[in-house]
Amino acid sequence: MLQLDILTPDKKVYSGEVKWVNLPGAAGAFEVHQNHAAIISTLGKGDLKLVEANNIEKHFSVDGGVVEVLNNKVVVLAEAVTA
Amino acid sequence: MANLKEVRNRIVSVNSTQQITKAMKMVAAAKLRRAQDNITRIRPYADKLDGILSNLSASLEDASDNIYASEREIKRVLIVAITSDRGLAGAFNANVLKGINTFIQANYSPAFAMGNVEYMALGKKGFETLQRRKDVTALNGDHAFVFGNLSFDAARPAAEWIMDRYVTGYYDKVVVVYNEFKNVATQIIRTEQFLPIVAPAASATSTTSTDYIFEPSKEEIVEELIPKSLKIKFYKYLLESYASENGARMTAMDKATDNAKELLKALKLEYNRSRQAAITKEILEIVGGAEALNG
Numbered sequence: 000m001l002q003l004d005i006l007t008p009d010k011k012v013y014s015g016e017v018k019w020v021n022l023p024g025a026a027g028a029f030e031v032h033q034n035h036a037a038i039i040s041t042l043g044k045g046d047l048k049l050v051e052a053n054n055i056e057k058h059f060s061v062d063g064g065v066v067e068v069l070n071n072k073v074v075v076l077a078e079a080v081t082a
Numbered sequence: 000m001a002n003l004k005e006v007r008n009r010i011v012s013v014n015s016t017q018q019i020t021k022a023m024k025m026v027a028a029a030k031l032r033r034a035q036d037n038i039t040r041i042r043p044y045a046d047k048l049d050g051i052l053s054n055l056s057a058s059l060e061d062a063s064d065n066i067y068a069s070e071r072e073i074k075r076v077l078i079v080a081i082t083s084d085r086g087l088a089g090a091f092n093a094n095v096l097k098g099i100n101t102f103i104q105a106n107y108s109p110a111f112a113m114g115n116v117e118y119m120a121l122g123k124k125g126f127e128t129l130q131r132r133k134d135v136t137a138l139n140g141d142h143a144f145v146f147g148n149l150s151f152d153a154a155r156p157a158a159e160w161i162m163d164r165y166v167t168g169y170y171d172k173v174v175v176v177y178n179e180f181k182n183v184a185t186q187i188i189r190t191e192q193f194l195p196i197v198a199p200a201a202s203a204t205s206t207t208s209t210d211y212i213f214e215p216s217k218e219e220i221v222e223e224l225i226p227k228s229l230k231i232k233f234y235k236y237l238l239e240s241y242a243s244e245n246g247a248r249m250t251a252m253d254k255a256t257d258n259a260k261e262l263l264k265a266l267k268l269e270y271n272r273s274r275q276a277a278i279t280k281e282i283l284e285i286v287g288g289a290e291a292l293n294g
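Protein sequence lines, in the order shown, are assigned to chains A and B. In this text, residue positions in the first sequence follow numbering that gives the first Met the number 0: the first is 0, and each later residue adds one. In this text, residue positions in the second sequence follow numbering that gives the first Met the number 0: the first is 0, and each later residue adds one.
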């Protein structure tokens with residue numbers, strides 16, 4: 000399981016455990032599963048898709064940002080996120 | 000002795016003033032709480048961003064060639080005055096304007112300031128005051144009303160406006176004057192250089208250097224993150240100022256309520272005195288009249 004936090008300057012948009020997450024990286028979309036290598040990547044404009052433990056999918060649209068993955072913790076920093 | 004009715008009217012009016020100041024104090028207190036919540040909410044984002052950035056800058060050798068940090072000959076300066084939309088907050092807005100004057104006097108000659116210092120006002124009060132001043136030749140008030148509904152999205156255009164003009168070389172230096180929130184009773188006037196970025200004292204990087212994969216590249220990530228962190232910094236100024244404003248108003252209104260209380264006390268004393276005097280006078284007249292009849 001991954002701990003995922005999606006933060007904007009105004010609020011915490013999402014925080015919880017997810018199976019995996021699909022991110023709109025600036026250099027192409029990529030997925031983060033358990034034990035992903037540490038990475039820092041910028042994000043482009045696009046869809047962020049995550050799957051929770053009970054296989055429920057959630058989508059957010061992200062307008063640029065940055066993501067850090069470290070030790071099964073994923074932190075997405077974005078200026079504007081809409082559900 | 001003052002007229003009874005006159006005093007009664009004054010008591011009524013002071014009473015209602017006191018009620019208003021009391022209500023304003025409560026409103027300011029509620030708004031202050033919300034403002035402080037906002038500051039707490041921005042913290043995780045800002046901390047994380049700073050963390051990533053310092054992690055990266057440490058591994059980058061020439062962070063100095065970043066476009067937001069280029070020191071150049073100062074030809075045009077922008078002063079950003081962060082005030083409030085509303086008054087009745089004690090010396091809150093006056094302090095900002097005083098801070099600007101002090102800064103200009105200390106750094107620039109009047110001749111230079113006349114043509115080369117431009118202003119940007121955030122907050123209606125500062126905008127109106129600066130507009131009236133003769134030595135203010137260029138004033139941007141496009142974003143003067145951000146405090147109507149303060150959010151990051153509202154603050155972003157103002158920050159972008161400034162950053163654009165710095166990058167294109169129109170402004171060579173940007174200084175922000177605002178109230179820093181220390182506590183409800185104390186606000187500190189700060190004059191901070193927003194651009195070019197003042198390099199933080201190179202801390203001995205104790206950050207555990209994890210082997211990150213960088214995508215697309217370190218340089219590009221830094222380039223993308225610096226403007227973001229600048230916008231956050233700018234938003235923080237606004238939040239600080241907003242919290243300070245409400246703190247200042249709370250204190251001012253508290254004092255006003257106290258003053259009204261004291262005034263009421265004095266007025267009531269005067270009212271009772273004149274009432275008693277009137278009664279005494281009437282009794283004297285009655286007694287005098289009765290005695291005249293008996294006599």
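A portion of the hints provided could be inaccurate.
[Unchecked claim] With a straight-line cut-off of 25 Å between C-alpha atoms, the simulated DSS-like cross-links for lysine-lysine are: (1) A:Lys10 with A:Lys57; (2) A:Lys10 with B:Lys4; (3) B:Lys4 with A:Lys11; (4) A:Lys44 with B:Lys264; (5) A:Lys44 with B:Lys217; (6) B:Lys4 with B:Lys264; (7) B:Lys47 with A:Lys18; (8) B:Lys232 with A:Lys11; (9) A:Lys10 with B:Lys181; (10) B:Lys232 with B:Lys217; (11) B:Lys4 with A:Lys72; (12) A:Lys48 with B:Lys264.
[Claimed, not checked] Chain A stretches covered by chain B per the calculated footprint, using a threshold of three residues with CB under 8 Å from any CB of chain B: (13) 1 to 15; (14) 45 to 58; (15) 69 to 79.
Note that these hints are calculated values from the structure, not bench results. Treat the numbers as computed from the prediction; the structure is a model and nothing was measured. Glycine included, C-beta positions come from ideal geometry on N, C-alpha and C.
Hint check:
1. A:Lys10 with A:Lys57: Holds - the C-alpha atoms of A:Lys57 and A:Lys10 are around 18 Å apart, at most 25 Å.
2. A:Lys10 with B:Lys4: Violated. A:Lys10 to B:Lys4 sits at ~57 Å, over the 25 Å cutoff.
3. B:Lys4 with A:Lys11: At roughly 60 Å apart (the allowed maximum being 25 Å), A:Lys11 and B:Lys4 break the hint.
4. A:Lys44 with B:Lys264: Distance of about 65 Å is beyond 25 Å: violated.
5. A:Lys44 with B:Lys217: holds (20 Å)
6. B:Lys4 with B:Lys264: holds (17 Å)
7. B:Lys47 with A:Lys18: Holds, at about 23 Å.
8. B:Lys232 with A:Lys11: holds (18 Å)
9. A:Lys10 with B:Lys181: Roughly 23 Å separates the two Cα atoms, so the pair holds.
10. B:Lys232 with B:Lys217: Within the cut-off at roughly 22 Å; holds.
11. B:Lys4 with A:Lys72: With a Cα-Cα distance of about 74 Å, the restraint between B:Lys4 and A:Lys72 is violated, given a limit of 25 Å.
12. A:Lys48 with B:Lys264: Cα-Cα ~67 Å, so violated.
13. 1 to 15: Answer holds; 7 residues pass the 8 Å Cβ test.
14. 45 to 58: The restraint on the region 45 to 58 of chain A is violated, since only 0 of its residues have a Cβ under 8 Å from chain B and three are required.
15. 69 to 79: Holds: 5 residues of the region 69 to 79 of chain A have a Cβ under 8 Å from chain B.
Violated hints, listed in ascending order, are 2, 3, 4, 11, 12, 14; each of the other numbered hints is respected by the structure.
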